[in-house]
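Taken in sequence, the protein lines are chains A and B. For what it's worth, UniProt numbering labels the leading residue of the first sequence as 1, then goes sequentially. For what it's worth, UniProt numbering labels the leading residue of the second sequence as 1, then goes sequentially.
A hint or two may mislead.
To be verified - Just a few of them, taken from the derived set where beta-carbon distance is under 7 angstroms, the chain B residues facing chain A:
| id | residue |
| --- | --- |
| 1 | Leu29 |
| 2 | Leu36 |
| 3 | Ala165 |
| 4 | Ser169 |
Said to hold, decoys possible - Reference excerpt, derived from the structure (chain B facing chain A, CB under 8 angstroms, subset only):
| id | residue |
| --- | --- |
| 5 | Asp33 |
| 6 | Asp77 |
| 7 | Val158 |
| 8 | Pro235 |
| 9 | Asp273 |
| 10 | Arg278 |
Simulated from the structure, these hints should not be mistaken for laboratory data. All residues carry an ideal CB built from backbone N, CA and C; glycine is no exception.
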Amino acid sequence: MTYRTNRRRRTGAAVRVGAALAALALATSACSGGDDPSGSGDGAEAVDPGANPEPQGEPQQGGSLTVALEGETNGWQPGISAPSAPGFNVMYSIYDPLVIGTGEGSFEPYLAESFEPNEDFTAWTFTLREGVTFHDGSALTADVVAQNVAVLKEPTSNLAGVLSEVASVAAVDPLTVRYDLARPNAAFPALLTTTAGMPFSMENFSALGPEEANAEPVGTGPFVFESWVRDDRLTVTANESYWGTDLGLGPYLDEIVFRPIPDEDSRLQSMLSGDVDAFQTLRESIVGQAQDAAADGEIALHTFLGNNGGTTILNTLAAPLDDVRVRQALAHAADREQLIEVLGGTGITEPRTQFFTEDSPYYSEAVAEAYPAYDPERATELLQEYIDDPERSDGKAAGEPVTVQYNCQPDPSLTELAQAYQAFWSNIGVEVAVNSVDQATHIGNAVGSPASDPAFAGDYLANCWRTSAEGDPFNILKNEFGPVPLQPLNFTNYTSETLDEQLAVLATTTDEEARRAAVEEIGLELAENVPVLWVSSTVAAFGVDPAVQNLSDWQLPGGADGVGLGLFQGGSTMWGQVWLAE
Amino acid sequence: MGGLIAKKLLTLIPVLLAVSLLTYLLLSLLPGDPALLVLGGGAASAEAIAAVRADLGLDQPLPVRYLAWLGDAVQGDLGMSYITRQEVTGAILERLPVTLELMGVSLVLALVVAVPLGVFSAYRSGGRFDRTVTGATFGLLALPNFIFALILIAAFSVGLGLFPATGWSRLSDGLGDNLRAVFLPALALSVSNIAVFTRLLRTDMIATLQEDHVLLARAKGLPTSRILFRHALRPSSFSLLTVAGLQVGTLLSGTVIIETIFALPGVGRLLFDAINSRDLLMVQGVVLLLAVTFVVVNFVVDVLYTFLDPRIRSGAARARA
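With the rest of the complex left out, here is chain B (with noise of 0.2 angstroms):
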């Protein structure tokens, strides 16, 4: 087990530094000089533009830029931005608890509103209530989220005034706070999920319910409930694992769009400024460190399939034997 875990994490080395030197070229690459952007777009002499590039280290070649940037990031020093003055690194930290939060919340709501609605379209499949959420996932798949942003946005805000149309609350301002400001935007970035989490849910329990297993807990004269939450879901849950860890990369880019229409100072916005800006070390600390997200969080999916699953624990077992 402490063996396949770090063979997974000598694996995520390669793929970091492909990542970080893609994101470090294909910025590079752009047209437009980041000095005329620091001296405000226009308005100055050739000396200064020079003198900027100087003081931003753009007079190095690209490779010694890269490799000094690389020595710095990997003693988390991932430079100064060009534009706002900020550390990366600090600018990132500062940020990420309102995306992870964002995240989490979502992810949550998600599987909250999925799993009961999976598990009863397969138990009642083809029925009524199966047909009608068959009808509204698709529905809500074909809704960009920033659409469903502003419909949550018009009805709970500005109509019913239950909820901050935009804006975060931390933590410290108290919790009902917190929630309050979290909940439309952690809705409207789950939609997706909601949809395709029913959908998978439902197809692998349709199949789960087939089994013998189940068969001979309902001979036994267990109680629905018991059968369907006890004996069927845990076995229909690999592929919802497998596509919720996957769908954290969809959830980071959904972050982009949500928390500029609900202007929450998150990851994503952060990211969004920095492109606008072309502010290129603050996109490159952020792209890295949504890789970095993206592997770790598929590297547990990974190692949850263990827990889930004692065949591929006793299978491991029986390889080491």
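Okay, chain A solo, but in the shape it has when bound (with noise of 0.2 angstroms):
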């Protein structure tokens, strides 16, 4: 597959001279961090999800990808695993999930065949397919669940807190498994679609240990763990004796290499030079030069517009931004549209909101109406009437200025997010100092200490930030607006009565009616309270050769349509269901 495509590619190189040169123009712009604000030409377009290629043909047997991800993983062991999109590509095709997300963002079974709850949501019971075997040839049982769950609950498991709501996990019968939570969860399925609903082999887990675990994994996916050598390539080949195979779940390819290339714009170089057959992206100013080539019919783009979105989270709890007229001076002194260009997105994303898309149940017209609007007029007022104020926040003197440090990690584009912020908000005379902050801290100060009063308050003011909200609503926002000393993920300390009241109404009904109306209503406070500000939606992409089919279009067991490259935010696709036409 490679080769041919070499070769096709490779004719006529003298003629493509031209446009190596232009590409080197782009590769320079991008990299002085000087991304093109329209995208990359004229070319950009915004992107469209229902436009994604379509598979051509029927699905054909055999032949080899070699996949060009973001980066590399530290491992492949549930619990030790911090994946984040390109890790997820990996892991949908070593491991199934119990459960799997819906394109209509409902939640259903996947490797298990059924679950349902109790009365009140406090216990799951799960009923696992029959006959399912791990790649070393231990047998799926309800017992080997429950023991998953006790070593993903162990102290030292990134998954214990995720999984901190299930008080015990039971085998009823061989395959049958409940989970017991300690608090009403009518959304517990949608936590089980990642790494804590993947289950692996425990013989293999007992075998090597955790730490051999997490370079060799076995699990019950469409391919089979070959070998990995760490920041080079992760071989996986076909499961020869797949549970899914009968139910159209593949696997088709007789082998996948997974390359980390972690520099963008050598990313795509490598896809246009034919040295990988599929690239993956969240970078907008890429995504625009990808399109242009998908224009020109060298690559098929595939494009998913999910709720993974751009924002800036504020500190409810530091002052000055413990006020909420200084939070919403900040939210109208910026232009949404001025910042998407700046990240160069421009015609590729649209300017957010809320936790939730225009593609989602979930979105609401009346919080896109409430957020907000670029008004540095009124930013201005607000702003002042806080100077003003003899009893302010951050204990300076009435008509001192106002003060915020606004963190972001180390990457051209984010830092003249930062920048532009810095503008935007000196404009209305907020007084701004941009921290540069490495990835690790950046977390870090956003989650806070156990030891501050009170506990995980944060040690920040403003940080630039990536929000994901794919999966359930109340499983994102019990985390984002949880109680802080309790839920380090609260990362903005924002709480309110409203918040809690809505939030129990999602933990206890499954009526979509009545979920999407407390939704709606956390997203109004929201709006009113702004502890995020919003910019746009993340573009995830993946770039393949033409020849490469079906990775927008998978499908459940039961034939309902998946989520694209939405399986997991930021672009993981189910491998096992891709093909290669003739």
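Each chain sits in its own coordinate frame; assemble them with the hints.
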């Protein structure tokens, strides 16, 4: 496959030097941080998720693919592994989730055959499929799932927090497992769509121990782990006895090589030079260049505009941002259209106002209208009110200017974003200091320390952030706005009675009407109190060789549509259902 | 000679101790808690954090932790990464061949290009060739290696399809594939060295060409190439050698960027990833390795002088006598 592609791409090499020089101009501009604001020229068009290439012809068996991912993952053992979008492409190849989200926003069984709650949503019973085996030949049973959960709930597991609401797990019979929860959760199955719900072989885990199993994973997925050289390549081969084959879940490919290529430009160049057959990106300027390549027929481009979005989180416990007038002033002062232009996303993505986008059943027009519009005059008024307030929260004398530290990672486009906020806020008289902070510190500051009062209050004022909202609204919002000392993921430290009431509704009902109303109430409250400043949705994209089929149209065992690249926020798909056209 | 080497080796010990202590302290001073990173950046209770801190030994005071680490390090055990759960020593050894080959090829490429350029620009100093080379070397010095890397990928991978844009092939996959994979990264890494070496050699060579023994060689009617490469190059190459040794440090830091752009599984990339994920023991291990390499290479350069320059050898002999 790779060879054929190379040969095709390399004919007429001389003609292509001109194109190479053009690519060079783009590459260097991207590198110097000067992302072309229009994306990459005239070809950039707003991403339309419905417009993804449809699979051509019937699925074909065989072939090998090399897939370039954004970055390496620290390993593949649930509980240790901390995958983001690139890593989940590998995880969903080796493992199967018990539950999966559908294109309609509901959650359906995947590796599980069915699940059902008790009356008050404090217990969930899962029935497993019969005859499923792990890659090492051991059987998937209720006992194994229960043992898995015990491993994942160990204090040192990175899933202990996610599974803290699971009080106990019991194997009712060989194929039935029951999760008993500490409190009601009507959306509990949505938690089992990622690592917390990916059964792994206990035989392998016990024989190798956690560290070795982290480097040699054994799941039930469509592909069997073959080898891994960190930062270079991970190879998987087709699972010959996959339980999903008869249900149309593949696998069709013989082999996939996943290669982490961290540099955005060289990842795109690897695709254009034919070194790889598919590449993933979240960088809007690269999506623009990929759109141009797709327009020329060089590649096929799949995109997904999900609920994952660029934001700024504000610490509502830290002065002066503990005062809602200052937060509203900051929101009114920034023009989201221009911020998107800074990120190179103009024409690719649209301004955001809330946790869910237009494509989601939880999107609310009322919230979109309530979110503070760009209005520098109103911003100045609000800020002046605070400045003149003798009781102002930052302890300064009335009339003194307001100071804000804005933290962001040292990424070229994020640095420009921070500078744009600095310009907007300086415009209304706020003194803004921009700090460049490495990723680990950035997250650590937002989480804060258990020793602070209250615990996990966070050590920051304003952080550039990415807020992901794939999954059920309850599971997302209860983390984002739960009680501060108990919920380190409440980065903004914003809580209110309204939120608590509406979260309780979400926890205890599956009625879609009632749940949508509750999410809308929460959205209106957040739009008024602005703990989160929105910019835009992040486009996830996969550019592939035109022969590669079915990235966006994979299905569930029952035939329902999957979520395409939105399997995990930021671009992950079910490689088991991808095939190569003749 | 043996005594000289032993003395040099002894100075290595305090240097390495200082480097390891400094990195350990600096990394420990950074804000944020590694336990939180292990637990996935947030969704963790205070009990879980305490459990992880105990598991990682982070509940011990800093001096105790450093001494324990040092005790293991002396025996070759640099600890286990919090984040990837790999042995640090193993992870470094696995990646070292990639980085060493990259640096070696880069240095050879730089010398292969720079020596003839330097020699001929000195031979015709002020001429058209010299002026062109001078202009080009200043241009190269001004060009950051990551820009040069992207130019090379655009031209030679995407444009001409001669080399892979990214990725590594082991020597065991075949020499041809291996050299194809290393060529562009090594060239990108060598760009500033080519310029520096050329400038340096040119200057020294111009001075050497004025000396009496060269005049004598000319008077004897020896061919120009023999005069340049046999009589003038060796005495002109001392600064080049010193700088080549010192440049190993620059090369090492260059591998962090170059290995990331070309997606090579080397030590530079390991360091980059480790810093990004606050993988303290991994950063500590790699920095220690870099320090050792730097000191050892400069030590080797010192020893090489004695072979290149008989005056140093006889000077040492006289001192002993």
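To see whether the hints hold, each was checked on the structure:
no., hint, in the structure
1, Leu29, "violated (12 angstroms)"
2, Leu36, "holds (6 angstroms)"
3, Ala165, "holds (4 angstroms)"
4, Ser169, "violated (10 angstroms)"
5, Asp33, "holds (6 angstroms)"
6, Asp77, "violated (15 angstroms)"
7, Val158, "holds (5 angstroms)"
8, Pro235, "violated (42 angstroms)"
9, Asp273, "holds (7 angstroms)"
10, Arg278, "holds (3 angstroms)"
Checked against the numbered hints above, the structure violates hints 1, 4, 6, 8; every other hint is satisfied.
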